[in-house]
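Number of protein chains: 2
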Amino acid sequence: MTSSPNAKLDTVLARIDSDLPAATDRLLELLRIPSISTDPAYKGDCDRAADWLVTDLQSLGIKAEKRPTPGHPMVVGHVDGPKGSTGPHILFYGHYDVQPVDPLNLWRRDPFDPAIEDTAKGKVIRGRGSADDKGQLMTFIEACRAWKAEHGELPCKITFFLEGEEESGSPSLVPFMKENADELTCDLALICDTGLFQSKTPAIMTMLRGLLGEEFTITGPDKDLHSGMYGGLAMNPARVLTKILGNLFDEDGVIQVPDLYEGVPVLNPEMKAQWEGLGFDYKTFLGDVGLSEPAGEASVTPLEMIWSRPTAEINGIWSGYTGAGFKTVLPSEASAKLSFRLVGTQDPLAIRKNFRAWVEAQLPADCKITWKDHSCSPASQMSTDHPAFEAARKALTDEWPDPAAYAGCGGSIPIAGYFKSILGMDAMLVGWGKDDDMIHSPNEKYDLESFHKGTRSWARMLAAMSE
Amino acid sequence: MTSSPNAKLDTVLARIDSDLPAATDRLLELLRIPSISTDPAYKGDCDRAADWLVTDLQSLGIKAEKRPTPGHPMVVGHVDGPKGSTGPHILFYGHYDVQPVDPLNLWRRDPFDPAIEDTAKGKVIRGRGSADDKGQLMTFIEACRAWKAEHGELPCKITFFLEGEEESGSPSLVPFMKENADELTCDLALICDTGLFQSKTPAIMTMLRGLLGEEFTITGPDKDLHSGMYGGLAMNPARVLTKILGNLFDEDGVIQVPDLYEGVPVLNPEMKAQWEGLGFDYKTFLGDVGLSEPAGEASVTPLEMIWSRPTAEINGIWSGYTGAGFKTVLPSEASAKLSFRLVGTQDPLAIRKNFRAWVEAQLPADCKITWKDHSCSPASQMSTDHPAFEAARKALTDEWPDPAAYAGCGGSIPIAGYFKSILGMDAMLVGWGKDDDMIHSPNEKYDLESFHKGTRSWARMLAAMSE
Numbered sequence: 001m002t003s004s005p006n007a008k009l010d011t012v013l014a015r016i017d018s019d020l021p022a023a024t025d026r027l028l029e030l031l032r033i034p035s036i037s038t039d040p041a042y043k044g045d046c047d048r049a050a051d052w053l054v055t056d057l058q059s060l061g062i063k064a065e066k067r068p069t070p071g072h073p074m075v076v077g078h079v080d081g082p083k084g085s086t087g088p089h090i091l092f093y094g095h096y097d098v099q100p101v102d103p104l105n106l107w108r109r110d111p112f113d114p115a116i117e118d119t120a121k122g123k124v125i126r127g128r129g130s131a132d133d134k135g136q137l138m139t140f141i142e143a144c145r146a147w148k149a150e151h152g153e154l155p156c157k158i159t160f161f162l163e164g165e166e167e168s169g170s171p172s173l174v175p176f177m178k179e180n181a182d183e184l185t186c187d188l189a190l191i192c193d194t195g196l197f198q199s200k201t202p203a204i205m206t207m208l209r210g211l212l213g214e215e216f217t218i219t220g221p222d223k224d225l226h227s228g229m230y231g232g233l234a235m236n237p238a239r240v241l242t243k244i245l246g247n248l249f250d251e252d253g254v255i256q257v258p259d260l261y262e263g264v265p266v267l268n269p270e271m272k273a274q275w276e277g278l279g280f281d282y283k284t285f286l287g288d289v290g291l292s293e294p295a296g297e298a299s300v301t302p303l304e305m306i307w308s309r310p311t312a313e314i315n316g317i318w319s320g321y322t323g324a325g326f327k328t329v330l331p332s333e334a335s336a337k338l339s340f341r342l343v344g345t346q347d348p349l350a351i352r353k354n355f356r357a358w359v360e361a362q363l364p365a366d367c368k369i370t371w372k373d374h375s376c377s378p379a380s381q382m383s384t385d386h387p388a389f390e391a392a393r394k395a396l397t398d399e400w401p402d403p404a405a406y407a408g409c410g411g412s413i414p415i416a417g418y419f420k421s422i423l424g425m426d427a428m429l430v431g432w433g434k435d436d437d438m439i440h441s442p443n444e445k446y447d448l449e450s451f452h453k454g455t456r457s458w459a460r461m462l463a464a465m466s467e
Numbered sequence: 001m002t003s004s005p006n007a008k009l010d011t012v013l014a015r016i017d018s019d020l021p022a023a024t025d026r027l028l029e030l031l032r033i034p035s036i037s038t039d040p041a042y043k044g045d046c047d048r049a050a051d052w053l054v055t056d057l058q059s060l061g062i063k064a065e066k067r068p069t070p071g072h073p074m075v076v077g078h079v080d081g082p083k084g085s086t087g088p089h090i091l092f093y094g095h096y097d098v099q100p101v102d103p104l105n106l107w108r109r110d111p112f113d114p115a116i117e118d119t120a121k122g123k124v125i126r127g128r129g130s131a132d133d134k135g136q137l138m139t140f141i142e143a144c145r146a147w148k149a150e151h152g153e154l155p156c157k158i159t160f161f162l163e164g165e166e167e168s169g170s171p172s173l174v175p176f177m178k179e180n181a182d183e184l185t186c187d188l189a190l191i192c193d194t195g196l197f198q199s200k201t202p203a204i205m206t207m208l209r210g211l212l213g214e215e216f217t218i219t220g221p222d223k224d225l226h227s228g229m230y231g232g233l234a235m236n237p238a239r240v241l242t243k244i245l246g247n248l249f250d251e252d253g254v255i256q257v258p259d260l261y262e263g264v265p266v267l268n269p270e271m272k273a274q275w276e277g278l279g280f281d282y283k284t285f286l287g288d289v290g291l292s293e294p295a296g297e298a299s300v301t302p303l304e305m306i307w308s309r310p311t312a313e314i315n316g317i318w319s320g321y322t323g324a325g326f327k328t329v330l331p332s333e334a335s336a337k338l339s340f341r342l343v344g345t346q347d348p349l350a351i352r353k354n355f356r357a358w359v360e361a362q363l364p365a366d367c368k369i370t371w372k373d374h375s376c377s378p379a380s381q382m383s384t385d386h387p388a389f390e391a392a393r394k395a396l397t398d399e400w401p402d403p404a405a406y407a408g409c410g411g412s413i414p415i416a417g418y419f420k421s422i423l424g425m426d427a428m429l430v431g432w433g434k435d436d437d438m439i440h441s442p443n444e445k446y447d448l449e450s451f452h453k454g455t456r457s458w459a460r461m462l463a464a465m466s467e
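Chains as they are written, first to last, in full-length UniProt numbering: chain A, 1 to 467; chain B, 1 to 467.
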C-alpha cells in the first residue's frame with residue numbers, strides 16, 4: 001500500500017527548499033515576457049506567455065494546451081492523481097497577463113528585465129507581474145513540480161486553468177467556461193491571486209468586492225479652440241467634467257450616485273467583532289504609501305472601507321494640452337475612467353445605468369457624451385463548508401507563524417463568483433502577496449519569502465486536502 | 001522732387017498682385033520649419049526659422065541679424081526711409097514661433113507640410129503657423145518687398161522686431177526690450193497678430209486682455225496604488241483635483257477665486273453702444289464650432305464675455321491611466337493647466353496669489369501640491385491719439401468692403417503693453433486673421449485672401465502713414 005500524502009510531504013518540502021534557485025530562474029524567464037493584456041500592442045507577448053506555460057506544464061507530464069478565445073488564449077491542463085486516490089479533483093486558477101507599466105519613468109529598472117534585489121526587508125523579485133500574478137501562479141506549479149519529482153505523481157487529480165485577460169476585465173472568461181463547463185467542473189477551485197493579511201497572516205479570502213468599470217468622453221466644441229478667442233463664451237468640456245466628478249462624493253465621503261448603496265449589507269456583529277480582533281493597523285497601511293487619514297465614508301471603520309463597503313475611484317482623467325510648457329487651448333474633449341467596487345448584492349448593471357443617468361443629468365445642453373463599458377461583475381461571498389477549507393487552514397497554520405484567518409478582500413476577482421454560478425463549485429482564494437508589493441504600480445515586487453513559503457504552503461495544502 | 005507716397009502706391013499694389021504666387025511660395029517655405037517654442041525638442045527649428053527671416057530681410061537691403069536670448073533668438077532689422085522723409089519711424093512686431101500640433105491625429109495633413117487648398121470658402125493656406133503668426137508677419141514683409149522692388153526704398157524708416165517665444169509666454173521679451181531700449185524705441189509700433197472682426201471688417205484692436213498661466217500637481221499617495229486594495233481608504237488626488245476645479249465657477253458662471261473681479265472696469269455706455277452697433281452674431285460664432293449657448297457670466301453679453309470680461313479656462317488636466325483599455329489604479333498624482341484672461345487693472349500677481357491660496361485651502365491634509373508659473377501679463381488699453389491711427393483706419397477702409405473699426409480683442413498680446421510701459425510708444429494692432437482660422441487647433445489655415453489683401457493693406461497703410 002502507498003503511504004499517505006502527509007507522510008510523503010517532508011521530502012517534497014525538502015525538494016522545494018533545494019530547488020528554490022532553479023524555481024526562481026524559471027519565474028524570471030516568465031516575467032521577461034511583457035504580457036500586457038489591455039494593450040493590443042502586446043498581443044504577441046500574451047501568446048508567448050501562454051506557450052511558455054503550456055511547455056512548462058507538459059514538462060510535468062500534464063496534458064496541457066493553449067486554447068484560443070476571441071481575445072488572449074486560455075491555458076488548460078489535466079493530470080490524474082494516484083490510482084484509487086480519494087482526494088478531491090481540484091481546479092487551479094491563475095492569470096499570466098499583467099498590468100501596463102506606465103508611468104515608466106518611476107520604475108527603477110526595466111519592468112520586464114526582472115531581478116532578485118536585496119532590500120532592507122529581505123530579498124525580493126522585482127518586475128511587472130512578479131506578484132500579480134505570475135509569481136503567485138508559479139508557486140502552485142513549483143509545488144506540483146516537487147511532488148512529481150519526489151513521488152512521480154501528484155497527490156490528487158488537478159485541472160489547470162490559466163487566463164490571459166484578468167487585467168483587462170476577462171471578456172472571454174464566461175463564454176469559455178460555459179462552452180467548456182464539463183471539462184472544467186471539479187470538486188473545488190483554488191485561486192491564487194490574493195495576499196497575506198497585513199503581510200504576515202495567511203488568509204483564505206471569503207468576501208470579494210465586485211467591479212464596475214466606466215469610461216466617458218465629454219465633447220464641447222467640435223475642435224480645440226484658442227482660449228483667448230473663445231474663452232468665456234464657449235463651453236469648456238474640462239470645466240464640465242471637473243464639475244460633474246467634483247460632485248461624486250459629499251463632505252462625508254458618501255458616493256452621490258442615486259441608489260448606489262442598495263444591496264450593501266450591514267456587517268453582522270460577529271464578523272465586525274472578528275475583524276476588530278484582527279487589529280488592522282490602518283496608520284501603518286496608509287503610512288507605507290505616504291498617507292495618514294482614511295478618505296472613505298466618515299461613518300465606517302478603515303477595514304470596512306477596503307473590505308465591505310462600495311467605493312468609487314477615478315482611475316484616469318485627461319483633457320487638452322498635457323505636455324511640456326503651456327498651450328492656451330480650450331479643449332474639444334475631456335475624458336475619465338472610473339471604477340466602482342461593489343459588495344453584497346449591489347447590481348453592477350443598475351449602478352451603470354444610474355451612474356450614466358446621474359452624469360448626463362449634469363451635462364449642459366451644448367455638450368455630448370460617449371460611453372465605454374469596462375468590467376462589470378458583482379461581489380461574491382465564498383462558502384467555506386467544503387472540508388478542504390478547514391484542511392487548508394490547518395496546513396497554512398503549520399507553515400506560517402500566525403494561524404490562518406478567513407478574511408475579506410478589497411480587490412475584485414470575478415472568477416470566484418463564476419466558478420460557483422457557472423460550474424457550481426466553491427472557490428478557495430489563497431495567496432502570498434504582501435501589502436507593499438506595489439502591484440499595478442511602478443517597481444512591483446514579490447518577496448522571495450512569499451515565493452518560497454507560498455510554494456511550501458501549496459505542497460502542504462495538497463497533502464492535507466488529499467488525505 | 002520725389003512724388004508723394006500715395007502717388008507711388010498704385011504700382012506697389014500692382015506688384016503685390018503679380019507677385020502673389022512667389023510670395024505664397026516664400027510663406028510655405030517658412031511654414032515648413034516646425035518652430036514650436038514651448039517644446040525644447042524644437043529648439044533647433046526655432047533657430048532655423050530665425051535664420052530664414054534674417055536672410056529674407058537682408059535680401060530687401062535691411063540690416064538684419066539674429067540676436068541671442070536665454071531662450072529662442074530675436075530677429076532685429078533696421079532700414080531707413082527716403083532722404084528727408086517726414087514719415088514716422090515705425091517698429092514692426094510679429095512672431096515666428098508656433099503652437100504645438102497635438103492632437104496630431106485630428107490633422108488632415110502634416111501640419112508642417114503646408115499647401116494651398118481649395119475650400120468651399122475659397123483658397124486657403126493650410127498648416128501650423130499659417131495664420132498665427134507666420135502668414136501675418138509675412139504680409140508686412142511682402143508689402144515692404146513690393147515697395148522696395150518698385151521704388152528702390154521703403155516709404156518710411158522701419159525697425160523690424162520678430163520674436164520666437166510668443167506662444168510660450170515670451171520669457172526673454174521684457175529683458176531684451178530693456179537691454180535694447182534705445183535701439184528699439186520708435187514713434188509707433190505695428191503689431192500684426194490679430195484678426196478681422198467677424199471675418200470681414202478690418203479692425204484696429206484697442207483693448208487687449210492680459211494672461212495668467214498656472215499649472216499645479218496634487219500628490220496623494222507617494223506611488224500609484226491598486227484601487228481594489230486601497231480604494232475607499234486612500235485619498236485619490238484625481239478626486240481632489242476635480243472637487244477643487246469643480247468649484248471654480250458658480251451656477252451663473254462667476255469665477256469663485258476671491259477678489260478676482262477687482263479692477264474689472266464697468267463698460268462705459270458709449271463703448272457698449274458701439275459694440276451693440278457691431279451686431280456681433282454669437283450664434284454663428286458658436287455655431288461654427290458646434291456650440292449654441294454662451295457659457296460665461298449670465299449677466300453679460302456674449303461680446304463682453306470675449307472682449308471685456310475676465311475668464312478662467314482649464315487648458316489641460318491629466319491623472320492616472322489614460323491609455324487604451326482599463327487600469328484599476330488609484331493614481332499618485334493629478335495635474336492641471338489653467339489660464340486666466342485679465343481686463344482693466346486686474347493684477348496678475350495678486351490673482352496668482354489668491355488662486356493658489358484658494359486651491360490650497362481646499363486641499364485635504366494628506367495631499368501635497370506643487371506649482372509652476374506660466375504667462376503673467378496685465379490687460380492693456382491702447383491710445384489712438386497718434387495721427388497714424390486715423391490714417392491707417394482710412395487706408396484700411398480703402399482696401400476692404402466694410403469701414404475699419406476700433407475693436408476689443410479676447411486674446412492676450414502682452415507686448416502691446418510693454419511697448420508703452422518700457423519704450424513709451426503706442427502700439428497699433430492690425431491683422432487679417434479670420435474667426436475660422438483654427439489657430440492653436442488642428443488644421444490651422446490662413447485664407448489666401450487674408451494673405452493677399454493683408455499685404456495690400458500694409459502697402460496702403462505705409463503710404464498713408466508716411467504722407
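One thing to keep in mind: the hints can contain errors.
Which copy? The list can't say, so a pair holds if one copy fits it or any two copies do.
[Said to hold, decoys possible] Cross-link-like lysine-lysine pairs, in silico, BS3-like; alpha carbons within 25 Å at most:
id, residue 1, residue 2
1, Lys283, Lys368
2, Lys43, Lys66
3, Lys394, Lys157
4, Lys372, Lys243
5, Lys223, Lys200
6, Lys123, Lys368
7, Lys283, Lys223
8, Lys121, Lys223
9, Lys353, Lys283
10, Lys223, Lys123
11, Lys368, Lys66
12, Lys178, Lys420
13, Lys66, Lys372
14, Lys43, Lys453
15, Lys121, Lys157
16, Lys43, Lys420
17, Lys243, Lys368
18, Lys157, Lys243
19, Lys394, Lys63
20, Lys272, Lys394
21, Lys157, Lys178
22, Lys372, Lys83
23, Lys243, Lys353
24, Lys83, Lys353
For the record, the hints were derived by calculation from the structure and aren't laboratory data.
| field | Copy assignment of Lys223 with Lys200, given that the CA separation must stay at most 25 Å | value | Answer is between: at 22 Å across copies they meet the 25 Å cutoff, but 54 Å inside does not.
(message) Regarding Lys283 and Lys368, is the shortest C-alpha distance of 25 Å or less found within a copy, between copies, in both, or in neither?
(response) between (43 Å within a copy, 18 Å between copies)
Treating 25 Å as the Cα threshold, decide for Lys43 and Lys453: within, between, both or neither.
Classified as neither; 33 Å inside a copy, 56 Å across copies.
Intra- versus inter-copy proximity for Lys123 and Lys223 (alpha-carbon distance at most 25 Å): The answer is between: 21 Å across copies meets 25 Å, while 53 Å in one copy does not.
query: Is the C-alpha distance from Lys43 to Lys66 at most 25 Å within one copy, between copies, in both cases, or in neither?
result: within (14 Å within a copy, 51 Å between copies)
Which holds for Lys372 with Lys83 at a C-alpha limit of 25 Å: within a copy, between copies, both or neither? neither (51 Å within a copy, 71 Å between copies)
Regarding Lys157 and Lys178, is the shortest C-alpha distance of 25 Å or less found within a copy, between copies, in both, or in neither?
Within one copy, since 22 Å is at most 25 Å while 85 Å is not.
Original post:
Taking 25 Å as the upper bound on the Cα-Cα distance, should Lys243 and Lys368 be classified as within, between, both, or neither?
Top reply: Both: 15 Å inside a copy, 22 Å across copies.
First find the shortest C-alpha distance between Lys394 and Lys157 inside one copy, then the shortest across copies, and answer within, between, both or neither for a cut-off of 25 Å.
Only inside one copy: Lys394 and Lys157 sit 21 Å apart there, 97 Å across copies, limit 25 Å.
Requested in this report: Indicate which option fits the pair Lys83, Lys353 if close means a Cα-Cα distance not exceeding 25 Å: within, between, both or neither.
Outcome: Neither. Shortest intra-copy (53 Å) and inter-copy (79 Å) distances fail the 25 Å Cα cut-off.
- Query: 25 Å Cα cut-off: does Lys353 pair with Lys283 within a copy, between copies, both or neither?
  - Reply: Neither: 36 Å inside a copy, 34 Å across copies.
How would you label the pair Lys43, Lys420 (within, between, both, or neither) given a Cα cut-off of 25 Å? neither (30 Å within a copy, 61 Å between copies)
Figure legend: structure checked against the earlier numbered hints; hints not met, in rising order: 6, 9, 11, 13, 14, 15, 16, 18, 19, 22 and 24.
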